[in-house]
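> Now for the letters of each chain:
Number of protein chains: 2
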Amino acid sequence: MAYEILNEDTICEYLLGIESVREYFSGDALVASEIGDGNLNFVFIVKSLDDDTKALIVKQAVPYLRCVGDSFPLSRKRMSFEIRALQSYYDATPSYTPKIYEANEAMSLVVMEYLGTHIIMRQGLIDRVVYPQFAEHISEFLAENLFKTSSLSLQSSAKRELIDQFNSNRELCKLTEDFVFTFGFMPHETNDDNADDNETAQSLFDDMEFKKQVLKLKYKFMNQTDALLHGDLHTGSIMLNADETYVIDPEFAFVGPFGFDIGAVIGNLVLSYVSHFYRSGDEKYQGYLLALIQTIWNEFEKKFLLLWDAQKNSSLIIEGYIDDATRQEYQSEFMRGILQDTVGFAGCKMARRIYGIAGVEDIRGIEDKQMRRSAEKHAVEIAKRFVKEYQSVESVEDMMLLIGASGV
Amino acid sequence: MAYEILNEDTICEYLLGIESVREYFSGDALVASEIGDGNLNFVFIVKSLDDDTKALIVKQAVPYLRCVGDSFPLSRKRMSFEIRALQSYYDATPSYTPKIYEANEAMSLVVMEYLGTHIIMRQGLIDRVVYPQFAEHISEFLAENLFKTSSLSLQSSAKRELIDQFNSNRELCKLTEDFVFTFGFMPHETNDDNADDNETAQSLFDDMEFKKQVLKLKYKFMNQTDALLHGDLHTGSIMLNADETYVIDPEFAFVGPFGFDIGAVIGNLVLSYVSHFYRSGDEKYQGYLLALIQTIWNEFEKKFLLLWDAQKNSSLIIEGYIDDATRQEYQSEFMRGILQDTVGFAGCKMARRIYGIAGVEDIRGIEDKQMRRSAEKHAVEIAKRFVKEYQSVESVEDMMLLIGASGV
Chain P
1 MAYEILNEDT ICEYLLGIES VREYFSGDAL VASEIGDGNL NFVFIVKSLD
51 DDTKALIVKQ AVPYLRCVGD SFPLSRKRMS FEIRALQSYY DATPSYTPKI
101 YEANEAMSLV VMEYLGTHII MRQGLIDRVV YPQFAEHISE FLAENLFKTS
151 SLSLQSSAKR ELIDQFNSNR ELCKLTEDFV FTFGFMPHET NDDNADDNET
201 AQSLFDDMEF KKQVLKLKYK FMNQTDALLH GDLHTGSIML NADETYVIDP
251 EFAFVGPFGF DIGAVIGNLV LSYVSHFYRS GDEKYQGYLL ALIQTIWNEF
301 EKKFLLLWDA QKNSSLIIEG YIDDATRQEY QSEFMRGILQ DTVGFAGCKM
351 ARRIYGIAGV EDIRGIEDKQ MRRSAEKHAV EIAKRFVKEY QSVESVEDMM
401 LLIGASGV
Chain A
1 MAYEILNEDT ICEYLLGIES VREYFSGDAL VASEIGDGNL NFVFIVKSLD
51 DDTKALIVKQ AVPYLRCVGD SFPLSRKRMS FEIRALQSYY DATPSYTPKI
101 YEANEAMSLV VMEYLGTHII MRQGLIDRVV YPQFAEHISE FLAENLFKTS
151 SLSLQSSAKR ELIDQFNSNR ELCKLTEDFV FTFGFMPHET NDDNADDNET
201 AQSLFDDMEF KKQVLKLKYK FMNQTDALLH GDLHTGSIML NADETYVIDP
251 EFAFVGPFGF DIGAVIGNLV LSYVSHFYRS GDEKYQGYLL ALIQTIWNEF
301 EKKFLLLWDA QKNSSLIIEG YIDDATRQEY QSEFMRGILQ DTVGFAGCKM
351 ARRIYGIAGV EDIRGIEDKQ MRRSAEKHAV EIAKRFVKEY QSVESVEDMM
401 LLIGASGV
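For the record, the sequence lines run as chains P and A. Under my numbering, the first residue of the first sequence is numbered 1, with each subsequent residue one higher. Under my numbering, the first residue of the second sequence is numbered 1, with each subsequent residue one higher.
Looking at chain P on its own, in the form it has when it is part of the complex (with noise of 0.2 Å):
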């Protein structure tokens, strides 16, 4: 059918259209409410009212930037990006990907599991909660999604054509090159008041050093296709509970820098503890992230080493080119570049937060204004070393150290 932009009043209807939809809901009658939050697209609930166990998500893309309105237009072609990569990830990792009912790149629409029982992780964080498989699962989707779509597992000519399948996700692109590389970082009229008037901010703005790295980091998003991103992936990307964790939302989907998405990962879990600085002091908490962030290197690096061990012959290292163990000399090289390039943008993804556009809610949402500042100069602090350091880093207590060595 034509595009045709959904609302709760039409949804219901559409979706019965739909054979996976009308088995999944048995002939029930439907209620749609529309939820979503997030800065670009429309998000519907899709509830039975004839089974409360019974409910759908669906998500659909309008041609503009939805949390401006039509006058910031932007192709509704990310969702087509967002369904090839959901479909990747559910191909590697079904376990933490919404399963999918009904996928339309012609009406920009995904119709997808419900988590009725998952929370938005950077809410949990604020709230305090331990995530006891969370390391476990976001290594293991990680090192599986991001080996699998690179050059050290796929044959070089699959690998074109996965960057073929995400090149033209360009403004999405762009809106990255923009907010995380650049505008958060020199006086712009997208940045938050909060900049104003503001010590912090002036220091980091005029932080020559810092914005030279950021560069250097900037430079490789554009240009180092080493695997398929999620491209978004920060705390509010993910959903999860104590037993399961899921990824959503990767409209930002493309193929780039491995450490763009750990280091999202991780950089949003520093913001988190240095927001426990001042909005609980819980110290308990703050440990339990700093050990949350050094196990998912650990075990992101163990699996994807296992998945590599186990790829005897790639368009990369054929077999019989080198012996053994100058292959783990070229893979502990290897990974700790991947290390280093982790630190360098889980830098940028935090400072660009501070002041840019999109602020996170664990620090702009600390009600105290004097706390709020401090919370800002300390986050401030360990994203200026993460990108002025990120290339001596050498292991991950190196980055530990960063974290740490806050004078706080």
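Think of the hints as simulated: they come from the structure by calculation, not from any bench. The reader is advised that the hints may include incorrect statements.
Repeated chains share a single entry, so a pair holds when one copy, or any two copies, can fit it.
Heads up, simulated DSSO-like pairs for lysine-lysine below, C-alpha to C-alpha not over 30 Å straight-line [as the list claims (entries may be wrong)]:
1. K302 <-> K99
2. K302 <-> K212
3. K212 <-> K303
4. K312 <-> K220
Following the hints, position chain A against chain P.
Positioned in the frame of chain P, the structure of chain A alone reads:
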């Protein structure tokens, strides 16, 4: 028209159906001869029987590797990439690009200016010809084409469109991955017989540090999208005389790392330099070649930076983001990165020409077997140093030291 393989008998009639060609020959009778000596395609020279100043070149791709035959299928789509690259070169640097009279992707065919007073550079170097304009020309060609197709100049979305245009040149990229970065460094059926029972070949195949470094460069080749590359810019892809320089045969064109093209030029000049220890003992000509290598880098860097300085606003660095001094620091670190990659890729390109398929005449054409083996050893030594030490090169002088400290 549908694709059809042309031959000496059918090509003239085909050409007379093309208006621009008919005009060029103004109704003269034509004669065609096949003159291709390359590995991939058929090349015809088509001459006027009435006016011996008039001739054109026709290059047609066949759906297999010409030097092997139809048992080695290779998509003729490669000609589409050659056509697109030639058009891009003609836009940026018409003085160094043969004029195109007809480009037909369906026929996998291009009709070009005949370079009647120019010779293939590799032969000129064997004959010890001095080219006073070459450094100026090739540095301009490289600076203009690399800069203008990079993220330093193109808007982010235009850059991704460029990638779209060349990303399907998969088969030829795979040939490079295999033949430039892999097979020539291990026992392989495609290697030259000279690899058998040869100490230097064995020392190359056994040098794990070298091979580990090659993997880093191969990974960059596969995953770094700096700019549109020629992809095969050795001295056999350059036609010139004292006054003019033309770059031909860009069928390997794709979007890859800056240093790959510059490294191809420099690596092949180093091979010529080495060959003259054994071919001619002509120290003066060797001095010319060393100066030429240094000048090419210096002029490339100067021209590239001039273009960059003129580009005040780009997707990477928007105006007002950074102060001038820091911008210069960033640029200078960026250029050092290109130089390092150049040295690394030059080393790969040199090393693979010694024992791999398609060796270079400069070395393989040395008739005395002992002399040839000495030349091979000498070339391999420099190539190893280039590849093992590329990451610590800080200046063009460092590169010259790696050439000179050859123990000869």
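> Please go over all the hints and tell whether each is borne out by the structure.
So, going through the hints one by one against the coordinates:
1. K302 <-> K99: This pair counts as within: shortest intra-copy Cα distance 27 Å, inter-copy 55 Å.
2. K302 <-> K212: between (32 Å within a copy, 21 Å between copies)
3. K212 <-> K303: between (33 Å within a copy, 22 Å between copies)
4. K312 <-> K220: both (28 Å within a copy, 20 Å between copies)
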